[in-house]
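> Sequence:
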Amino acid sequence: MQRDQLADFLRRRREAIRPAEVGIADGPRRRTAGLRREEVAMLAGMSVDYVVRLEQARSSQPSPQLLGALARALRLSDDERDHLFHLAGHRPPPADGVARLARAGLTRLLDLLGDTPALVLSDLGEVLAQNRACVLLSGDHTSYSGDRRYLVYRWFTDPAVRAVHPPEEHEYHARQFVADLRVAAGRRSGDPTVDGLVDRLRAASADFRRLWSEHEVAVRRADRKTLMHPRVGRLLMDCETLVTPDQGQLLLVFTPADAETRERLELLRVLGVEDFPTGPATKPSR
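Position one of the sequence shown corresponds to residue 69 (our numbering), numbered consecutively onward.
Hints in this document: simulated from the structure, not taken from any laboratory. Hints should not be assumed to be uniformly reliable.
DEER-style ranges, computed between Cβ atoms [what the hints assert, rightly or not]:
1) Q73 / E328: 14 to 24 Å
2) G301 / Q73: 11 to 21 Å
3) Q315 / L339: 34 to 44 Å
4) A325 / R278: 25 to 35 Å
5) I92 / T323: 21 to 31 Å
6) R121 / E328: 45 to 55 Å
7) L339 / P260: 26 to 36 Å
8) A84 / R121: 34 to 44 Å
Even for Gly, the Cβ is constructed at its ideal location relative to N, Cα and C.
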């Protein structure tokens with residue numbers, strides 16, 4: 069771990085970001101160049117004290133998870149992210165597979181979308197990044213580990229997750245999950261990550277085994293979803309999906325499908341963040 073170089077790199081990246089780039093108002097009395105340390109801590113989901121110690125070269129070695137959070141908060145490019153990992157004494161996330169960070173360009177799009185809910189997914193349905201509007205809509209999906217980081221796994225193994233959608237839509241969404249996973253499994257034939265996930269799902273869920281045996285494959289670009297939000301009620305959302313050229317990551321954008329939903333989303337923005345039962349509202353439409 070190169071503590072002095074890591075400290076200098078983090079400090080310079082923080083000072084290079086304009087607050088507006090990450091959705092923070094740049095008031096007239098602002099004296100700090102770029103972001104404040106407490107703002108980086110808020111965006112990365114860590115303590116201010118730890119950010120201070122990192123920039124003063126006094127910290128312990130940060131984990132890959134913390135580095136990933138810092139890379140997202142500081143809007144690092146792929147090359148800058150890899151450099152950050154090297155300075156901290158870790159190997160960068162692989163270019164392929166599910167264990168990676170949201171691409172810098174997609175993260176910037178999340179910022180630009182502002183009050184429009186949006187997120188970045190891996191091709192196996194792991195949520196890599198969300199904007200604040202998406203967290204308000206469907207909860208924070210970025211903190212899971214193990215198989216639970218995959219939306220498809222939570223759908224078939226945690227009954228509480230399905231409560232986000234009305235019961236009459238459960239079969240439809242289950243089939244979407246399985247058909248989407250079939251697409252990824254076909255494209256990544258022989259990948260142990262995909263094969264292992266499928267094997268564990270088949271062992272854990274009879275419902276998954278039933279649908280997997282039907283061998284449905286579907287690529288969807290747009291969809292309409294009904295979400296049962298605990299604070300503002302029923303929301304009818306249109307979902308558009310943009311896919312990176314290598315089909316490794318997806319950007320999902322949610323817009324209200326009717327005037328009533330639009331009004332309820334405006335109310336939700338006023339109410340702010342509160343715990344939401346994390347579920348498959350973020351299932352990709354492919």
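> Now tell me if each hint is right for this structure.
Here's how the hints hold up against the structure:
1. Q73 / E328: 14 to 24 Å: Distance hint for Q73, E328 is violated at roughly 54 Å.
2. G301 / Q73: 11 to 21 Å: 51 Å, violated
3. Q315 / L339: 34 to 44 Å: 36 Å, holds
4. A325 / R278: 25 to 35 Å: 30 Å, holds
5. I92 / T323: 21 to 31 Å: For T323 against I92, whose Cβ atoms are near 24 Å apart, the range 21 to 31 Å holds.
6. R121 / E328: 45 to 55 Å: 48 Å, holds
7. L339 / P260: 26 to 36 Å: 44 Å, violated
8. A84 / R121: 34 to 44 Å: 21 Å, violated
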